[in-house]
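Number of protein chains: 2
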Amino acid sequence: MPNTELLKVSIDAMGGDNAPAVPVEGAILAAKTGLAEIFIVGDKEPVEQELTKHDTKDLPIHFVPSEGKIEDDEAPALALRQKPTASILVATNLVKTGTADAVISMGSTGGTMAAAVVLLGTIKGIERPAIGGPIIGAAPNQTILDLGSNLDCKPSQLLGFGVLGTVFSKLLVGVENPKLGLLSVGSEDGKGNIQAKEASALFRKSGLNFIGNVEGNDLVTGKADVVVCDGFVGNVVLKLVEGLGKGLAGQLKTALEGKLPDDHLDALMQDLYKNNNVVDARGGGPVFGVDGVSIIGHGSASPGTIERAVGLAKMCVDTNLIQEMNKEVSTVMSTVDD
Amino acid sequence: MPNTELLKVSIDAMGGDNAPAVPVEGAILAAKTGLAEIFIVGDKEPVEQELTKHDTKDLPIHFVPSEGKIEDDEAPALALRQKPTASILVATNLVKTGTADAVISMGSTGGTMAAAVVLLGTIKGIERPAIGGPIIGAAPNQTILDLGSNLDCKPSQLLGFGVLGTVFSKLLVGVENPKLGLLSVGSEDGKGNIQAKEASALFRKSGLNFIGNVEGNDLVTGKADVVVCDGFVGNVVLKLVEGLGKGLAGQLKTALEGKLPDDHLDALMQDLYKNNNVVDARGGGPVFGVDGVSIIGHGSASPGTIERAVGLAKMCVDTNLIQEMNKEVSTVMSTVDD
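Chains as they are written, first to last, in our numbering: chain A, 1 to 338; chain B, 1 to 338.
Treat the hints loosely; a few may be bogus.
Since the list can't tell identical chains apart, any single copy or any two copies may satisfy a pair.
Calculated cross-link-like contacts (lysine to aspartate or glutamate; reagent style DMTMM-like; alpha-carbon spacing at most 20 Å) [what the hints assert, rightly or not]:
1) Lys191 to Asp73
2) Lys205 to Glu328
3) Lys253 to Asp266
4) Lys191 to Glu71
5) Lys197 to Glu74
6) Lys32 to Asp73
7) Lys32 to Glu257
8) Lys179 to Asp43
9) Lys197 to Asp337
10) Lys223 to Glu188
11) Lys205 to Glu48
12) Lys124 to Glu71
13) Lys191 to Asp72
14) Lys124 to Glu25
15) Lys197 to Asp73
16) Lys191 to Glu74
17) Lys253 to Asp271
18) Lys170 to Asp318
19) Lys57 to Asp262
20) Lys223 to Asp17
21) Lys259 to Asp271
What the hints contain is simulated information worked out from the structure, not anything from laboratory work.
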């Protein structure tokens, strides 16, 4: 396949716990499989040093220099202004200029989102982007959003998330007519806080496949394919699920030690771990609501995670995810009065 | 011990999934152990029929007739007006009139709370009561509130919950100087939604032992002894924890079937169940913020649960819980300007 047909992906080499080693290795993995042509973006010296550790001859991989990175503990908007040549800005700009089709980062979620908003803009009708995806092992095909970027949401914002999640579920998860639920307390319509009640009314007249409220326990059974909540609740849920997974694994290991052969116990623990780390299995998730493909993954990503993120980027591009999101948001948001 | 020194408890015989059989049996258990003098309140015919199945001679147990019950799916306030002789009203009224020291119900949470508010009133400084308690097996001494009765909370309401939870933790859980946390997203002060940011400022100047924000994963490790959140988030958390417990038990059972002897597997499952059903182990929890002892338990309560609830009621009375709550709320709420 000639390079001209290859997907072009820019990867933030400075993002993640083990940067730039892991992003560089992941980039090379992805380039080797012929998945994409890679632009690896980062500080010149450390990235080139990592690149020399691998045989990159004949691989479709290019180094693009940047200076500095956005740290997790920085306020994203301010950091972007102070560091205009930071890796995530340079990497995202490659998408803006059309050099790349998608950008991937395992770095600061806030920085990645802010860079996407500033450079790619948001989809018309979406005020601020969201993060989302599957987070519960028992329901790996359930998309939950927002998971932490919009802490105070207007009902119309929740509706926007519902549209984005529905398109994602359809195109990337492969659910034909995704069932859409609103996270609330009590299954009947009209149960919930003020925000949920108002959002519910908007969903009802949206034309989306809205099945009503879902509750905390319904997240585990995957009652809905797409679950909408504000980023405050979503982030509490996300971190609680992670914490309970770890906690239960510890409990179990203690309870089973000596009662099962070590290799069985290890296998069981790995199964449980995998079942409760569905995000890693997909490599990350798109920044929902920005007008371009920007994939964000976990800081603890392995090279394999990054390769999977490139695969996800390819699916986003191949399915015209962004175009479809633009179309659906435009249609559905026209049902809202305000 | 003469009856005059015995704690007097009224029990709603009509509340719970298997009423009146289970409440009656639980009442008899508690009466037999000499824990309390019991007033069992319910519809005449079915309750007396249950009572005849047991030998109640010489037991400190009295039947008090009522008519009808508040169902789970009824709007509590309306139902109370429509059914002025419902069991929970008659049972709670025994506390109001001084006949009983505490009331216990495994029926409608909303009905129990509404009856307590109407008849016992709320503690001065508390607008509406809350429900709370431990909900995570790995942190059985952590009190989380509100778990679902206040879906839209002002910051000062959250502060009130913090006071109530702190007194409960001190007197009933036995934590000397309870660490108080605010459920939010991000551990740093100033992270969170508008509600959390404003509440955090109130907590800081409250004089309580406020340790700042806690996140979803911190609930599992018990970082704080008392965790405050609004009832919307709390109820999502409560139901998610229940759902994940069930879901993981199912996963495990499948994974371990045939690999462990059946009796080991059963024991493990029971351990896990117990570890993840801490509410049942205490019999229930008090309605936080009402001016009297009202204990609410789960509809699926067993007779043993009800006996434990009587034990909990005794602790509430013996430790002067309500008086202490009144005192602390008065002190702390005076630090709030509005």
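Structure-based check of each hint:
{"no.": "1", "hint": "Lys191 to Asp73", "verdict": "between (37 Å within a copy, 12 Å between copies)"}
{"no.": "2", "hint": "Lys205 to Glu328", "verdict": "within (14 Å within a copy, 48 Å between copies)"}
{"no.": "3", "hint": "Lys253 to Asp266", "verdict": "both (9 Å within a copy, 16 Å between copies)"}
{"no.": "4", "hint": "Lys191 to Glu71", "verdict": "between (40 Å within a copy, 17 Å between copies)"}
{"no.": "5", "hint": "Lys197 to Glu74", "verdict": "between (35 Å within a copy, 18 Å between copies)"}
{"no.": "6", "hint": "Lys32 to Asp73", "verdict": "neither (34 Å within a copy, 60 Å between copies)"}
{"no.": "7", "hint": "Lys32 to Glu257", "verdict": "neither (41 Å within a copy, 41 Å between copies)"}
{"no.": "8", "hint": "Lys179 to Asp43", "verdict": "neither (44 Å within a copy, 44 Å between copies)"}
{"no.": "9", "hint": "Lys197 to Asp337", "verdict": "within (16 Å within a copy, 30 Å between copies)"}
{"no.": "10", "hint": "Lys223 to Glu188", "verdict": "within (14 Å within a copy, 34 Å between copies)"}
{"no.": "11", "hint": "Lys205 to Glu48", "verdict": "neither (54 Å within a copy, 52 Å between copies)"}
{"no.": "12", "hint": "Lys124 to Glu71", "verdict": "neither (29 Å within a copy, 47 Å between copies)"}
{"no.": "13", "hint": "Lys191 to Asp72", "verdict": "between (37 Å within a copy, 14 Å between copies)"}
{"no.": "14", "hint": "Lys124 to Glu25", "verdict": "neither (36 Å within a copy, 63 Å between copies)"}
{"no.": "15", "hint": "Lys197 to Asp73", "verdict": "between (35 Å within a copy, 18 Å between copies)"}
{"no.": "16", "hint": "Lys191 to Glu74", "verdict": "between (38 Å within a copy, 13 Å between copies)"}
{"no.": "17", "hint": "Lys253 to Asp271", "verdict": "both (13 Å within a copy, 13 Å between copies)"}
{"no.": "18", "hint": "Lys170 to Asp318", "verdict": "within (13 Å within a copy, 59 Å between copies)"}
{"no.": "19", "hint": "Lys57 to Asp262", "verdict": "neither (43 Å within a copy, 57 Å between copies)"}
{"no.": "20", "hint": "Lys223 to Asp17", "verdict": "neither (35 Å within a copy, 25 Å between copies)"}
{"no.": "21", "hint": "Lys259 to Asp271", "verdict": "both (18 Å within a copy, 15 Å between copies)"}
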